[in-house]
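Residue numbers (our numbering), protein chains in the order written: chain L, 1 to 322; chain V, 1001 to 1345; chain X, 2001 to 2599.
Source of the hints: derived by calculation from the structure; they are not laboratory data.
A few of these clues could be false.
Straight line, CA to CA, 30 Å or less: simulated DSSO-like cross-link-like pairs of lysine-lysine [unchecked claim]:
1) V:Lys-1334 - X:Lys-2037
2) L:Lys-93 - V:Lys-1334
3) X:Lys-2069 - X:Lys-2131
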Amino acid sequence: MSEKVLVKEVGSALPSHIDLFICAASYDSRTLSIVSTLAPLIVNKIIVFIDPGNSGAFGVDAVRYMSERFGEKVTVVEFDLANPLDIADKIVKAISNVQEATGEVVVDITTFTQEALLILLRVLQISTLSGANTTGAYTGAGDYSVGLNAEGKWLTKGVLEIRSVLGFAGESKPTQKQHLIVLAGYEVERAEKTIDAYEPALLSIGLGDPNESISKSLFDVNKWFHGKLIERYREVKHFVFSCEDSTHTKDAILKQVQDYPGYNVQIAPMNTKISTVGVALAAMEDTAIQICYALPAEYNREGYTSPGDFAYVFKLQIPKEK
Amino acid sequence: MNATNQPSILEHLTRCGKDDFPNGSDYIARYKAIETSLNENIHPFVTPAASSVDGGYLTGHGISHIQTVMARVSDLLGSSPLDSLSCYELYLLLAAIHVHDVGNIQGRKNHESAAADAVNKYDIIFGTDDVEKRLIFRIADAHTGRRGSDKDKVSKLQETDHVLGKTVHPRFMAALLRFADELADDRSRTSKTLLDSAALTKDSEIYHRYCYALHSVVVSGDTVRLSFDMTSGDAGKTFQKDGKDIYLLDEICDRMMKMHSERIYCVRFFPPTIRIDRIDVSITVYGPHYIDDPLAVINFRMEEAGYPPESSRGIFEICPQLENHLYGSPLTGKSLKDYLDRNSQ
Amino acid sequence: MTDQLNPFAVQTPEDIPAADVVSLFVDVFSDYHNIPKPGHTFLNGPRGSGKSMMFRYLEPDCQQLRLSKPLSEIPFFGVYVPIKNTEIKLTEFNRLTNRHAEVVLSEHFLVTFVAVKFFTSLLKAQITDTKGDYAKSLREYYNGKFAQLLRWNGWTEALPDIPSMAELVDIINAFRDVFSGYYSIVTSYLRSLAFTDTPLPYRGPLFGYLDFMLPVIQEVRSLGFMPSVPVFLLIDDADNLNLTQTRILNGWVSTRTSDVASIKISTQMTYKTYLTATSQAISSPHDFNEVNISAVYTSAKDKYISRVEQIVNRRLEKYGIEGTAQQFFPEYVKQEDAIRKISEEIRSKWPEEGRGYRASDDVTRYARPDYMKSLLGSSKSGPSYRYAGFEQLVHISSGIIRYFLEAASLMFGEMRSQNDGALVKHIDTGVQDKIVREQAKQFFFGEFDKLECDENVGEEGVSHVKRLRNLILALGGMFHSILISDLAERRVFSIALTDETDEEVVKVFKLGVRYGYFHESSIGNKEGTGRARLFILSRRLAPLFNLDPTSFAGYKFATTAALKKAMDNPQKFNRQVGHESTDEILEDPQMTLFDGAGR
């Protein structure tokens, strides 16, 4: 279960002592929402990942802030978000270089890209940290595509490439057809392009549960998008998943997969990062599932999000590798 | 050591360190195990088994032939083989040399492709990686034969490839093996005793006579020097080949023409540092006992000389893609004009 | 909502039953005559242009139905090999690049994938084997030559047993399972590579196309239950292969083996390379024939309209809707009547004022544009141009059948929700217009794009994507200005490049071609000394810029310098176009406002 707390009080929901804090610095202003609430004394080590070519001035400043506040406890790791091998190698190296005791690990998942987050989770699964007590933290967004009215909002534009996520290749069989599961969010164009790129035999659209949705506007967009798709595609199934509880998300996905057996399953997570954690957990449990990622052509860096008032804290129970 | 008393490629291999090989594994020990296993279980039986299957009497395809091919490769690579091949490539090439003819144990037809099958039966360990193993057999497979109607097997290999983190040059290795095998058809593959015995069938005698006649193969700089001798009796006799009667000299000339073609073909894949530009041939005919003065001496040189012969097919000989081209089939000035006229409308 | 099925909903062709395919498919092979013939062929066309449907139609079950012939008498045996995104282009393959066995493993992966599809096609062909002879011969092959071929390729593990009484279907399934197992060995190996940069040893078989796949096809074909005809490997959406896989496929194309297997490859215009893994180039027509769908339909509009009409009529019939395509998608009568009236006026005035060679030429050129111009003065609540009527919708779909069908499916959905349970018998013109305008807007950079752009965007930091958007805004605005002008040729939809001095401009146009905003062609240059690149705006954008989609004959020459300025500041460009000679602006970008000749 996720615990929803005010951002300024998130420290009270996290472990009183953190051996390792992992986060990413980006142009998203939520980069510092959680780490800035932590007292330096309670944190042993921080690993912050950054793609300097993509993080903008805000990301660079955020790293500088962390280094000033936490001093030598901070390890900055640069990676190239366009290169999944580089993401993986840098994460593996950073994690394996951790010499200190790691009983309590906290991962601020908020400002990782979907792909980098998924790779991180997979590395945590196979690393020495798999036995640690791991907590996930996420800052909700107050507003997306800040400054634009509802009709003009955008987070990303275009799709450069769709690729499978490293570590989640799945176990597809050429004797089976495709079942594409899309966890839709605000990025309707990206979702449509992903569906068009796959042309699956079976399409499942996940709708955020209104009772477990980060925002009502997100739920409304989901619903409208689903309505649009059922006219275009003959076979569209839908299911409901949680946007704020990764375990519920995982369960909903696994049920959807089990309801339609005999397919090669690809999942495109395009909702909240918490739900993306749920996708990872589902794919770790059912290793036949492949996770895919649509690399956007453009990001709305200037007005991506504004930080919300609430954060979510949850136990990150990563299963042992099968 | 080879004829020039330089360390052979095998000796060079044994001087390599573990770091020269993938994952720091002991490839020298692995090679020795392969060699021992093949020498004990397969090589001695290839010739008799093939003869049994095909009904003829194959020239020597055993340990001696393997050693001859290695020596020829050493000759071609010169005194510093590691200038041209890495330690890992030496291993791959030596392993390929060992397996290139073992398929004959199932008969001569398609023997180059049957090598893997033959070897697998004896659980010979070629390491834990099947890609590496396949490369060895692909190099070996390219030494002869066709794929369908296409004799160009070497081009079908990668020029550069990567195996277990190491860069290798499959075409070069295959071409080396192929040409070295061509040069290894010498006296060591047969014997006087065999020639004099009744074991040789009529169809196989010519091949043995050829091998016996070739007593010396020397690689000297950019020249291969082949020396043949024969008795006047052998020179004056005909032998059976494919239902026809053929003189030994004619067989030598046919084989030299093939070797010339093989030279032109294989050197295409050699690096610029290894040049084989010509084959010098010397054929000496002696009296019955080889101790008298020669009765006839024939010397000739095979190299690309003079102006290249013109082809009746013109440029289409070299560039078949111009025979069937977007701007005309075949592409000519007229067909180009017609194409431009059509498109300007 | 009614239970009435949407006749235009998208279905993946591979899931459509053969009977439906044969009833729905409109035979296009008179345009693409190389496709059903032996020989390697590339079939290039944007997504939705009907390539997958063509391939589905070539499969044995459809061919048997179409020809009313048994399997033994069909002219070729099509094996459908769809390449789905990320299915075989796994990111883990990147671990092998310049490290270990990239080419040989990739080829083996492709071969096992194709092999599974080959045996799947045999299953779909539903071969009857009443006496059990075929089962016997296939089983003998399995235990004999096939097992030997595996050994020759270095794989010594025993094959699963096939019971002696197994039927043909079971034996074919056994082959499928065997190859599926080999495929899984590779995926398992690839998964192990994800988080290590050290090359790991691979244990498993390694098959090549020439030394394995072709012999299997030849042997199975010789067993008697397949027709003795070439096999067509129908590789669909080959853009979804990674670079190495693409090069391997090109290597297959370079082989002279089309008497055994002809390779038909469909691409969406983003095929990665025409080099093989051994760095040879394959080319047309030496190695393959090439068909570009959009080129065929761009140059043969009447054929495309006829095709769409046939497709729509078949779908309406199949789903029990009476009427023709024209009746189902009616014109906006008021509008068309007004245009007819203008046409009559033009015709009557032609003897004195006509510009064209014939009155009908002037009618074609000016009637609809004059009508559109006449709407300009009206208030916001007054009439606006309606994009309605079957012919207009077909033109807007720009030669890609799927665009028509997608719009049609949305229109149907809209009508269904408006009809409150009643059956949909036609699409209201207002709905037609609404949907195509929405589609045009969405097509132009996604759902949440704004149409205005930043006037102060400078040269640096402007991405190709932004430049493309600006270019389209500039050209669309210019084409509209021309449409409502008094110029002799007003139906301009294309730009021809006078020069290619600025490579950036060409790159942006190429990006636009890739995204489907432009089609590329060529025309004779102004000097008459060669060809110039011609970029035709997609008519899908016609509703966005209020252009006449029924024609696209006109073009303008432009320098790359002028187009660069349009990319930097489309609004300023469009203001200039409103006040100065279009030709002068396009050919002399230094011309300032009100300087020199007007129109």
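**Request:** Verify the proposed pairing of Lys-93 of chain L with Lys-1334 of chain V, using a straight-line Cα cut of 30 Å.
**Result:** violated, 64 Å
**Asked** Are Lys-2069 of chain X and Lys-2131 of chain X close enough, with their CA atoms no more than 30 Å apart?
**Response** holds, 21 Å
**Asked** If you draw a straight line from the CA of Lys-1334 of chain V to the CA of Lys-2037 of chain X, is it 30 Å or shorter?
**Response** holds, 28 Å
In summary, the structure is inconsistent with hint 2 from the numbered list given earlier, while agreeing with all the others.
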